[in-house]
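8 protein chains.
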Amino acid sequence: MKTWTIYLSGEIHTDWREQIEAGAKAANLPVAFAAPVTHHEASDDCGVAILGAEPNKFWHDHKGAQMNAIRTRTLIEGADIVVVRFGEKYKQWNAAFDAGYAAALNKPTIIMHQDEHAHALKEVDAAALAVTKTSEEVVEILRYVINGELKGYTDQQQAAE
Amino acid sequence: MKTWTIYLSGEIHTDWREQIEAGAKAANLPVAFAAPVTHHEASDDCGVAILGAEPNKFWHDHKGAQMNAIRTRTLIEGADIVVVRFGEKYKQWNAAFDAGYAAALNKPTIIMHQDEHAHALKEVDAAALAVTKTSEEVVEILRYVINGELKGYTDQQQAAE
Amino acid sequence: MKTWTIYLSGEIHTDWREQIEAGAKAANLPVAFAAPVTHHEASDDCGVAILGAEPNKFWHDHKGAQMNAIRTRTLIEGADIVVVRFGEKYKQWNAAFDAGYAAALNKPTIIMHQDEHAHALKEVDAAALAVTKTSEEVVEILRYVINGELKGYTDQQQAAE
Amino acid sequence: MKTWTIYLSGEIHTDWREQIEAGAKAANLPVAFAAPVTHHEASDDCGVAILGAEPNKFWHDHKGAQMNAIRTRTLIEGADIVVVRFGEKYKQWNAAFDAGYAAALNKPTIIMHQDEHAHALKEVDAAALAVTKTSEEVVEILRYVINGELKGYTDQQQAAE
Amino acid sequence: MKTWTIYLSGEIHTDWREQIEAGAKAANLPVAFAAPVTHHEASDDCGVAILGAEPNKFWHDHKGAQMNAIRTRTLIEGADIVVVRFGEKYKQWNAAFDAGYAAALNKPTIIMHQDEHAHALKEVDAAALAVTKTSEEVVEILRYVINGELKGYTDQQQAAE
Amino acid sequence: MKTWTIYLSGEIHTDWREQIEAGAKAANLPVAFAAPVTHHEASDDCGVAILGAEPNKFWHDHKGAQMNAIRTRTLIEGADIVVVRFGEKYKQWNAAFDAGYAAALNKPTIIMHQDEHAHALKEVDAAALAVTKTSEEVVEILRYVINGELKGYTDQQQAAE
Amino acid sequence: MKTWTIYLSGEIHTDWREQIEAGAKAANLPVAFAAPVTHHEASDDCGVAILGAEPNKFWHDHKGAQMNAIRTRTLIEGADIVVVRFGEKYKQWNAAFDAGYAAALNKPTIIMHQDEHAHALKEVDAAALAVTKTSEEVVEILRYVINGELKGYTDQQQAAE
Amino acid sequence: MKTWTIYLSGEIHTDWREQIEAGAKAANLPVAFAAPVTHHEASDDCGVAILGAEPNKFWHDHKGAQMNAIRTRTLIEGADIVVVRFGEKYKQWNAAFDAGYAAALNKPTIIMHQDEHAHALKEVDAAALAVTKTSEEVVEILRYVINGELKGYTDQQQAAE
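Residue numbers (our numbering), protein chains in the order written: chain A, 1 to 161; chain B, 162 to 322; chain C, 323 to 483; chain D, 484 to 644; chain E, 645 to 805; chain F, 806 to 966; chain G, 967 to 1127; chain H, 1128 to 1288.
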């Protein structure tokens, strides 16, 4: 059976990734998850920590961002589905960048955000195959998309059999 | 040994998929099958069941169709061979859409339909590498294409040896 | 200035193509239109008329459909936008096939059909960037998309200047 | 001589596009510019203005964003260079989305923003071939990249000859 | 109006290319033709004539074949339609090679040969969209495919109007 | 360790495939071999045997050739290396077709033939990365390319250690 | 008639580009030439001259090299043929980089260098379709490849007619 | 868990590959390494050793370089990350060629060299996502990129938990 690879992009300050992973495990889905490095300071400083300090903040960021790109682009290109979550705070331009990157690669994308950001995210949403608010919804989508199981439908069928 | 992935697209009201799967199993073929969600109501309602109701039927359908696309496009792109069956009833435009999608990706396609639809399907057939009527024929094609076994030919060779 | 190439696929029994072309001309759009051969009998018989008769109807159709594919695939691949119209009658599987072909090539598609076919076409619509009912709407879309002109918006701006 | 196509993505509330176009014209560069529709209200409402009102704001936005995508994706794919400007205000997720889209297509990108956004844009900058602050810099880059002219270098050479 | 580029590959000892070009001109088709260098000795010796003699016949051939490939691959990749003619004599493996090259690039191909070679060419024919015997047929195909004109069909329509 | 997939195309009347497979086994190479169906009659008749007789020989061949293409194109696209052997007899246009197909996909190819065919095969050879005469040479190439072992070089190194 | 685009990469201290351009002009070839910026100091300093000084030499170089890449990658991707010349001096790693870039894009490449560098360049040469020493040879190749003219062959034919 | 494939290109006279492999093993990274054949004489002579001597040194080199290309291009195309090391000596044009090849395939690359070569390698560095000096740095990058572990950051987090 095919193992689906799901890349979880975007917001790193809440435990939405763990929720999705737990939900997928509970549902017994054949999935492997991938994500950017979510340790904020490590992600910011990886370039200079390994390759040497930069007095100029721009190159400090640049070295780190390029190093992170080794991971993120490889994993997005290898993903079957890309989920991108926009949190309540921050600019999160890297999340929108990942969504664009996935779109140009023709990857199915699922976007997560609250209603208040709907207008600002309309172009991103328009490139997505599903727009969600919660981790539970993402798990339900994965369960349906991968296993073909939909609460209130396929379970009733099984019950009836 | 390579496991061939076969995507079975199209008609969902008869048991042709089960017939092909049973035949492939009986023939011991190294194949993995993939298909759209074939539970009709689940397939129609998946979008609103998971992401919330839509008063407008068009968006009800749209949400469901996009969710199904997460599954179908991923599986078609991962398939070695795409089989598309056109049944006797309904418009089945999604089946023809899948055939076009597979053709543009240069996937070998096998089309199944009865003679009465031959003229209407001539463009679809012209893009296929085989046009068949029955599940048995599809199994025989898979058996020949994957294992190189052809009744009355390769078995006689074995008998003679 | 870029000339946009628009491929008009699908139904061949009404004058929707001429309507769009006339509308585009009236709006002075920098467009070039392309289409399949719309002479029904020529389209059916081209293969045998040029390359010799086939007693078997299947191969009669096959030869014609392959010859038409030389034209249609080349033009779809060269198009900036693909418009696919589904009429009231017939199976029109070739139209859905073209929509799938365009989708896999990541071409922006505009689908035209009446409401009664919305449910049957939901997968095709879900792959489109616009779903329309009339030639006028298609012209308005082209006018907006290509020239950035939108009635009641950009013309009022001009009037105000 | 090759005409270079430059797509100008992002912020729509200042006249940076006009500045670049004027500068390119003054420098006699063989360029053609392309851009999204920059009339804010037209861009928001195009979908419903042409294809009918939507009571639900989400679908109102969705129809418009998809229609805009017909234009923007076609033009980005046809561009030699993509310039993306992030202004001082708003989320501008569509700008970051375009940058990601261009990156996945391997298009050379030039990013414009002020220093205050440098950290938030570090992933976007890391995918760019130049990071700039002003329209003048973009014009100078185009002049160098396209015509091979660099103030203080190639002009002195000419003077010396 | 689009100019179609037609690459004429294969046999170089008869005037089939001139026949097709004359026919296309007579029919006023918007086409540009391309072909390998058809001067047999030049084609064999180009490598050593320009880059120096090779005592070993294998490298003599190799240098020439690589130089010819600069032309042929560039032109095949730029072609809308590839016509490959197999003559009565010689191995003509380069013709079959070109057909395979075009097939993998998903180019529409038209194959020309007499009946006696049909069995030996069955794999090549199976990858083609038309199989023909004469230059006249190729011209008729181009006329139909490009201009939509079919003798006995579209001309009668015009006559009736 | 990576398993290399080697596609063995071409001549089917001698046991060159078995020789290469035996040599690779003896050398303990991590390889999986793939090939067309090499049972001559099955390969010719597969189409009609499964899908029904054709009175016209051309369509008999066509049905078979298309069915074989399901296998051969899938396997060539999945191969790391394509070996194509030209025997002493027959036209073998399908072998040259496969070589062209592999070349357009940028697959490394190894061509096998005797000296007498060198001139006729010069274009095919020019697209190859190695030109060989015997199965032993092919095995030695695979051993070197995959395992980095070269008789008289790497074995002496080991002996000296 | 097709205009061929020729990218001239590599050594910038001799007038080999001008020689080729003059030769092509004298031979009346339908070609357009493209090249990197060949003003050495401008090429080194373009990044800091336009976007601001960098105290660190590495970033000084980096900004310039990225700016040059906007030009070079765009032009290599648009080229029909890539010519790469290795001079007598310097490391010239950018020339070898361009050759590798062109090879991965499947562009026909012509390599120019003197005999003394043949061994060091053997991998680069092995990816080329022609290896030359002089500008005259390159012009002769272009003349043959584009116009089909070969001294001592096609001119004698013309003389005889 | 995904196994990352790392291709180690370039300099073959020091043990940098072994250092990286040992470091990766010590860090328990899920990686598989690939490399060219690093036995210098075997790499030079493989072509003639297997396929027969060439009196002309150029063809001696050519045969070997093409045979090596069967290995190197296949492995680069299959790699997730390409590391290219430039040593202190030699021209190393094949290393720069590999870097260009990887860049055109959009592979993340890591370049290794000492400061003295920084200016000569500026174009190669500008296409890389990290520029390093030591094997230890490469291991640290792989550890961060693949496992998300960064000394002084993620280990302190674990310690604190």
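Worth flagging that the hints you see were computed from the coordinates, not collected in a lab.
Among the clues, some could well be false.
Below, in silico cross-link-like pairs of lysine to aspartate or glutamate (DMTMM-like), each with a Cα-Cα straight-line distance of 20 Å or less [what the hints assert, rightly or not]:
#, chain 1, residue 1, chain 2, residue 2
1, C, Lys-473, D, Asp-598
2, G, Lys-1117, E, Asp-689
3, G, Lys-1023, H, Asp-1242
4, H, Lys-1129, A, Glu-21
5, A, Lys-2, B, Glu-238
6, A, Lys-91, D, Glu-524
7, E, Lys-733, E, Glu-685
8, D, Lys-634, G, Asp-1081
9, D, Lys-574, D, Glu-632
Fair warning: this is a prediction, and the values are worked out from it, not measured in the lab.
Hints, verified against the model:
About 39 Å separates the Cα atoms of Lys-473 (chain C) and Asp-598 (chain D), which puts this hinted pair outside 20 Å; it is violated. Between Lys-1117 (chain G) and Asp-689 (chain E) the CA atoms are separated by roughly 11 Å; this keeps the pair inside 20 Å, and the hint holds. Between the alpha carbons of Lys-1023 (chain G) and Asp-1242 (chain H) the distance comes to roughly 10 Å, so the proposed pair stays at or under 20 Å and holds. Distance hint between Lys-1129 (chain H) and Glu-21 (chain A) is fulfilled; the C-alpha atoms sit about 17 Å from each other, no more than 20 Å.
The straight-line distance between the Cα atoms of Lys-2 (chain A) and Glu-238 (chain B) is roughly 13 Å, inside the 20 Å bound, and the hint therefore holds. For the given pair, Lys-91 (chain A) sits about 23 Å from Glu-524 (chain D) by alpha-carbon distance, which is inconsistent with the 20 Å threshold. Annotation: proposed proximity of Lys-733 (chain E) to Glu-685 (chain E) holds, straight-line Cα distance about 17 Å (limit 20 Å). Under the criterion of a C-alpha separation no larger than 20 Å, the hint pairing Lys-634 (chain D) with Asp-1081 (chain G) is inconsistent with the structure, at around 39 Å.
Taking the CA atoms of Lys-574 (chain D) and Glu-632 (chain D), the gap is about 36 Å. The hint is violated against a cut of 20 Å.
The structure fails to meet hints 1, 6, 8, 9 from the earlier list, while all remaining hints are met.
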